[in-house]
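Q: First to last, the protein sequences are chains A and B.
One point on numbering: in our numbering, the residue at position 138 of the first sequence is 138, and numbering is uninterrupted.
One point on numbering: in our numbering, the residue at position 81 of the second sequence is 81, and numbering is uninterrupted.
Calculated from the structure, these hints are not laboratory results.
A hint or two may mislead.
If several chains are the same, the list does not tell them apart, and a pair holds so long as it fits within one copy or across any two.
[Unchecked claim] Taking lysine to aspartate or glutamate pairs in the EDC-like style, the calculated list, with each CA pair at most 16 Å apart, reads:
#1 K103 / E120
#2 K70 / E85
#3 K70 / E89
#4 K21 / D51
#5 K50 / D12
As a plain string of letters, each chain reads:
Number of protein chains: 2
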Amino acid sequence: MIPIVSIVGKSDVGKTTLLEKIVRELRTRGYRVATVKHDAHSFEIDHEGKDSWRHKQAGAVLSVISSPSKLALVTDMDHDLTLAEIREEFIRGVDIIISEGYKREDHPKIEVYRRELRRERLCTEDEHLIAIAGDPSDPPKDVPLFDLDRPGELCDFIEARFLRKGHEPSS
Amino acid sequence: MIPIVSIVGKSDVGKTTLLEKIVRELRTRGYRVATVKHDAHSFEIDHEGKDSWRHKQAGAVLSVISSPSKLALVTDMDHDLTLAEIREEFIRGVDIIISEGYKREDHPKIEVYRRELRRERLCTEDEHLIAIAGDPSDPPKDVPLFDLDRPGELCDFIEARFLRKGHEPSS
Numbered sequence: 001m002i003p004i005v006s007i008v009g010k011s012d013v014g015k016t017t018l019l020e021k022i023v024r025e026l027r028t029r030g031y032r033v034a035t036v037k038h039d040a041h042s043f044e045i046d047h048e049g050k051d052s053w054r055h056k057q058a059g060a061v062l063s064v065i066s067s068p069s070k071l072a073l074v075t076d077m078d079h080d081l082t083l084a085e086i087r088e089e090f091i092r093g094v095d096i097i098i099s100e101g102y103k104r105e106d107h108p109k110i111e112v113y114r115r116e117l118r119r120e121r122l123c124t125e126d127e128h129l130i131a132i133a134g135d136p137s138d139p140p141k142d143v144p145l146f147d148l149d150r151p152g153e154l155c156d157f158i159e160a161r162f163l164r165k166g167h168e169p170s171s
Numbered sequence: 001m002i003p004i005v006s007i008v009g010k011s012d013v014g015k016t017t018l019l020e021k022i023v024r025e026l027r028t029r030g031y032r033v034a035t036v037k038h039d040a041h042s043f044e045i046d047h048e049g050k051d052s053w054r055h056k057q058a059g060a061v062l063s064v065i066s067s068p069s070k071l072a073l074v075t076d077m078d079h080d081l082t083l084a085e086i087r088e089e090f091i092r093g094v095d096i097i098i099s100e101g102y103k104r105e106d107h108p109k110i111e112v113y114r115r116e117l118r119r120e121r122l123c124t125e126d127e128h129l130i131a132i133a134g135d136p137s138d139p140p141k142d143v144p145l146f147d148l149d150r151p152g153e154l155c156d157f158i159e160a161r162f163l164r165k166g167h168e169p170s171s
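Start from the sequences and build out the full structure, keeping to the hints where you can.
A: Following this line, the structure appears as structure tokens:
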């Protein structure tokens with residue numbers, strides 16, 4: 001079962017930026033990483049007028065564009081998939097899944113918190129919180145705290161906890 | 001096994017336009033259609049700067065964006081997948097797959113041909129050719145000919161041949 005770790009936090013706190021740093025660092029270490037972003041609304045992808053875009057607009061429920069180096073797929077959904085459903089249906093051949101969002105699901109979570117934003121923490125009562133990345137004014141008692149600018153330390157933690165249980169990097 | 005039909009023809013002959021008409025017509029008839037477009041080169045999808053784009057750029061080998069109504073996935077590939085591999089790995093819950101391109105594969109093919117372009121036919125020696133859509137100066141002897149502007153007739157043919165073998169539209 002591919003492990004899932006979710007990067008959570010309030011809006012505009014820097015979740016995507018931290019996720020980028022983690023992905024870059026894990027890739028440098030030889031791991032294959034998948035990411036999942038939750039979007040509460042309808043999102044746009046692909047470029048208007050391109051053939052693949054035209055296929056979907058014409059009414060295809062699922063549209064694939066495939067090249068020797070990359071494949072993309074857009075499909076209609078009738079419900080909001082859980083991370084476990086996404087893992088089961090769509091994700092293969094990676095060592096770990098890092099999600100942005102999905103704060104309501106029961107997967108291990110790392111909360112991004114920056115004091116300068118003067119807001120409440122998101123996961124104060126969440127037993128799935130495994131770390132904080134940032135600078136909370138009230139440092140966490142039960143979970144480790146990591147510096148947002150030192151993703152290597154956070155990745156040491158992720159690697160020890162999720163990536164060294166019996167397999168080598170798949171590079 | 002989900003049936004596959006490929007729309008083939010020389011470049012700029014109107015493959016995408018015919019595919020759009022077929023998809024619209026089959027959807028109107030209550031079928032769920034998937035499409036596959038082959039791209040020989042690297043293609044761009046997603047919009048620069050968006051979170052999902054940033055995930056992929058950071059080095060994710062696979063990136064998903066998921067909403068209640070739509071899911072998109074972009075993944076690196078180490079080879080050009082066949083239509084059968086794409087069907088096996090990525091396509092679920094549809095009645096038929098219509099591909100644009102894949103002329104070298106052994107799936108039933110419909111060639112788009114327009115006389116005004118003054119070019120050779122593509123599939124003169126292809127036993128998988130099942131129909132021509134267009135106006136060849138030398139009408140085919142072995143396969144039916146359909147008018148590009150009457151997609152309903154072509155869809156009657158597709159429906160009779162691929163979609164009525166024991167199941168109802170999945171609408």
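Q: Would you mind marking each hint as holding or not holding in the structure?
A: Hint check results:
When the C-alpha separation of K103 and E120 is checked against a cutoff of 16 Å, the pair qualifies only within one copy, where the shortest distance is 15 Å, while the shortest distance between copies is 58 Å. In this assembly of identical chains, K70 and E85 lie within 16 Å of each other by CA distance solely across copies; the values are 14 Å between and 23 Å within a copy. Taking identical chains as interchangeable, the C-alpha atoms of K70 and E89 lie at most 16 Å apart only when they sit on different chains, with a minimum of 14 Å there against 18 Å within one chain. In this homomeric assembly, K21 and D51 come within 16 Å of each other (Cα to Cα) only across copies, at 13 Å, whereas the closest approach inside a single copy is 33 Å.
Only between protomers do K50 and D12 lie at most 16 Å apart by alpha-carbon distance; the minimum there is 13 Å, versus 32 Å within a single protomer.
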